[in-house]
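Q: For this one, chain D is given, so just place chains R and Y with the ligand on it according to the hints.
Residue numbers (the working numbering), protein chains in the order written: chain D, 822 to 1421; chain R, 96 to 194; chain Y, 246 to 439.
Incorrect hints may have been included.
To be verified - Okay, derived cross-link-like pairs now, DMTMM-like style, lysine to aspartate or glutamate, Cα gap no bigger than 25 Å in a straight line:
1) Lys-409(Y) with Asp-260(Y)
2) Lys-404(Y) with Glu-1417(D)
3) Lys-409(Y) with Glu-1417(D)
4) Lys-165(R) with Asp-260(Y)
5) Lys-1098(D) with Asp-1355(D)
6) Lys-1244(D) with Asp-1320(D)
7) Lys-1098(D) with Asp-1320(D)
8) Lys-409(Y) with Asp-163(R)
9) Lys-263(Y) with Glu-1417(D)
10) Lys-161(R) with Asp-408(Y)
11) Lys-165(R) with Asp-330(Y)
12) Lys-263(Y) with Asp-330(Y)
13) Lys-1244(D) with Glu-1313(D)
14) Lys-404(Y) with Asp-298(Y)
15) Lys-404(Y) with Asp-330(Y)
16) Lys-409(Y) with Asp-330(Y)
17) Lys-161(R) with Glu-355(Y)
18) Lys-1359(D) with Glu-1417(D)
19) Lys-1098(D) with Glu-1313(D)
20) Lys-263(Y) with Asp-408(Y)
21) Lys-1164(D) with Glu-1240(D)
22) Lys-263(Y) with Asp-163(R)
23) Lys-1098(D) with Glu-1240(D)
To be verified - Which residues of chain D face chain Y? A few of them, derived with a C-beta cut under 7 Å, are:
24) Val-989
25) Val-1030
26) Thr-1031
27) Val-1038
28) Phe-1049
29) Gly-1050
30) Thr-1051
31) Gly-1060
32) Leu-1063
33) Ala-1146
34) Gly-1235
Keep in mind that the hints were calculated from the coordinates and are not lab data.
Note that the coordinates shown come from a computational prediction; the quantities given were computed from them, not determined experimentally.
Heads up, the beta-carbon is just placed ideally off N, CA and C, and yes, glycines get one too.
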Amino acid sequence: MATAALTVDAPGFGSRVWSWITTTDHKRIGILYGVTAFVFFLLGGLEALVIRAQLAQSSADLVSADFYNQLFTMHGTTMVFLAIMPLSAAFFNYIVPLQIGARDVAFPRLNAFSYWVFLLGGLLMNASFFFGAAPNGGWFGYANLTSTQYSPGLNIDFWVLGLQILGVASIAAGINFLVTIINLRAPGMRMMRLPVFTWMTLVTQFIVVTAFPVITVALVFLMFDRTFGTTFYSVAAGGDVLLWQHLFWLFGHPEVYILILPAMGMVSEVIPTFSRKPLFGYAVIVYSGLLIAILGWGVWAHHMFAVGMGPVADAVFSSTTMLIAIPTGVKIFNWLATMWGGKLSLKTPMLFSLGFIAMFVVGGLSGVMHSSAAADLQQTDSYFVVAHIHYVLYGGAIQGIFSGIYYWWPKMTGWMLNERLGKTHFWLSFIGLNLAFFPMHFIGLLGMPRRIYTYDAVLGVDAMNFMSTVGAFIIGLSTIVFVVNVWYSRRERIEAGMDPWGAATLEWSIPSPPPNYNFTAIPEVVSRLPQWSDTEMKAIPTEPEGEIHMPGGSYWPAVSAVGILVLAVGALLESLAFALGGAVVLVVGIYAWAFEPFEM
Amino acid sequence: MTERAQQQSHPSTATYLIIAAILTIITLVEIGVFYVPALQRVLAPILLLLSGAKFILVVMFYMHLKQDHKLFAAIFTIPLLIAIGVAIALMALFGVFVR
Amino acid sequence: MSEAAVAHHTSTGLDSRKMAFWTFIGSECLLFGSLISTYLVYQGRSVSGPTTDILNIPLTSISTFVLLMSSLAMVLALAAVTRGDALWSRVWLATTALLGSGFLGFQAYEFTHFVHEGLTLQTSLFGSTFFVLTGFHGGHVFVGVLWLLTLLVRSFQRKLGPDKSLQVELAGLYWHFVDVVWIVIFTVVYLLRQ
Ligand SMILES: [Cu+2]
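The following block holds chain D by itself, in its conformation from the complex (with noise of 0.2 Å):
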């Protein structure tokens, strides 16, 4: 019955929106992750914009110190967990379920919070722009920065309830994630059969879980110190105002692969498909992205060597980061080894995919570098560090979500994006990119720091600023490029069918987009690459046996979501009645939410 209410015939304007709010389809709500965390990338995006702008010259005064400040800030926050984040999470909602052969996640209404909730601490972070208040305390809010006495305003106030309603959403969604992949496999779904983005994401979500608390422990003391007055950071008192830096970075570093691993997963999926072989060395790709997740909490430090830990604190930091970078390097070789010999396809996707692949490795041997910490001294909150992280980042992160992004657009929608004018993205990305981020290197090493709106001819700096500058603005117009593209191809509209691809998971043996219930009936997995096997898999029928129940939908995952936002607001405008008010909706919410009928 709830088939048939998603398919009432022409649904006024409002019934439709009312369907998205109260979705808790995977793939919708994939899609509404998508949409949104596309638009932060573009103010993100944005916000870069004017930085370089403002850079493009020594001595400039494009904006005043303050709004850089926070435009840098809000830059990186927005870039980290309001853009590739979420534009990951799109994935995972999307992708995941159909990889492993289910309906839905395993706490589709959960899905729905998790969403919800990200929307609108998104939207509670930036709307303190219209307060002239945005967070300006950097993406790492260091103490005793961020203290009242230094930052009397509501802006850091702004940052850290926001980031907490965005942990609260992803800890969900990691929960929710790592319990359907593990428990809602098809059968013959062997773990050592998922797909590589499926391991990925299992991967990631563990480090959600496990790393999200300590930020949440970190901002809660940050939230006391500058709301009832504790000491947590205070010096006066006898703190140490490091303890910030610890746990923000104990968080921090693993945070780096949530945000790298699901990329390299959609790389991993990319790549033997362009290369008609399957993926070389499937398991070491698996057993490291495991390694990853436990080694990545014994590096967290390689961030605070300027901070003067002693000599012992410091050989342990540099020598555990040397050795990440060996599970994280062997899946270069993976990648390397997969395309040997294979028949390569250089369509948009594979293009992002090597893109990725050379960039990480420009972005990890810097990163090599930084883990020496006599070396790390000279680099450090220097200019060096942002080429780094944005080798990392948009060369990594980002080229590796474009590649998703064209190899499962037409899965999502049906049709298929246009060929020549995604490597015209590409090509104006992965120029923008090199020529943005490349002279960052040069620029740090002579001396310029980073997070100073300004700077002096002296440093004889200014060509290379200029053509960072010139650079980002051509990343700016790859990106409209990709709109564009989205726009004509809707227009021209290729039909995708099932697998344009030829790719050879479970996902492309069913129809573009999916139907809700995605399978007609569940799969019988037999092989790990079950369209690419020679033992048939049990065709899936293309007409469902029976009428499928899927969960209809629900709006108290959304109430929850908004008393979490007014419960917010009341910290902010420190009102008992708000914060009162938000917790009874939230209260509410919940037990609406647990005992409304909801089938699954």
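A: Structure of chains R and Y with the ligand alone, referenced to chain D:
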């Protein structure tokens, strides 16, 4: 339902009571140890051992990890070990052990 | 009904809700791990205000015992629900909630007493770390009590039969976890005070 019934072979009431008795005794010993001046120097290892035993008893018997699927034990133990590792590392970094 | 039963079939044969709950508890390990770590690294570094001497060991021993006994009541409640014994389900659920509230009462007394002694959130590192750590734990107990009372109401509505024992089991997992966290806090904060 049968599937559930099988995996739910929880301990008997008698076991629950015995565990409660042991937990009570350990707690009494802990408090006792605390007040013995002679033991002050080895207080930390003794108390950590005793409370560790309590922790394990509750988790194994009251939370049924002893009979339940190993996966549940793994899902709980791995983050727990990470948390313990983080705590020890932070204490070392802040010089708690050399103070 | 059969449709629903099929939908509940899982690849591991384990219930998804229970797996999710264990994952949540794993996540909570890191939450309390961070709080306890902070307490430990700041131990003995306060520059003013009362120190750990004001901790009342006899009183807290009693509240620890109360919480321990609530765990016993909790497992007995689960056993009663599983065997379909409505009366004893209610007795033990109510007992657990009552003992939990008792623990909270002790904590409320302790907190107010400390404030009178001059130890507040703002006083010192000890005040901040102590109140936030034990306060977080107390908050968890409070949520647990609400959960237990909800189950009690469901039992009185005759909606907590043996088929719903998983709901009680999950509440139990939460409750016992909160108990083991207290086992650690009692040892680390109270008995190993410096
Ligand atoms: Cu790092």
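Q: Go through the numbered hints given earlier and state which of them the structure violates, listing their numbers in rising order.
A: The structure breaks hints 11, 14, 17, 18, 19, 24, 32, 33, 34; every other hint is satisfied.
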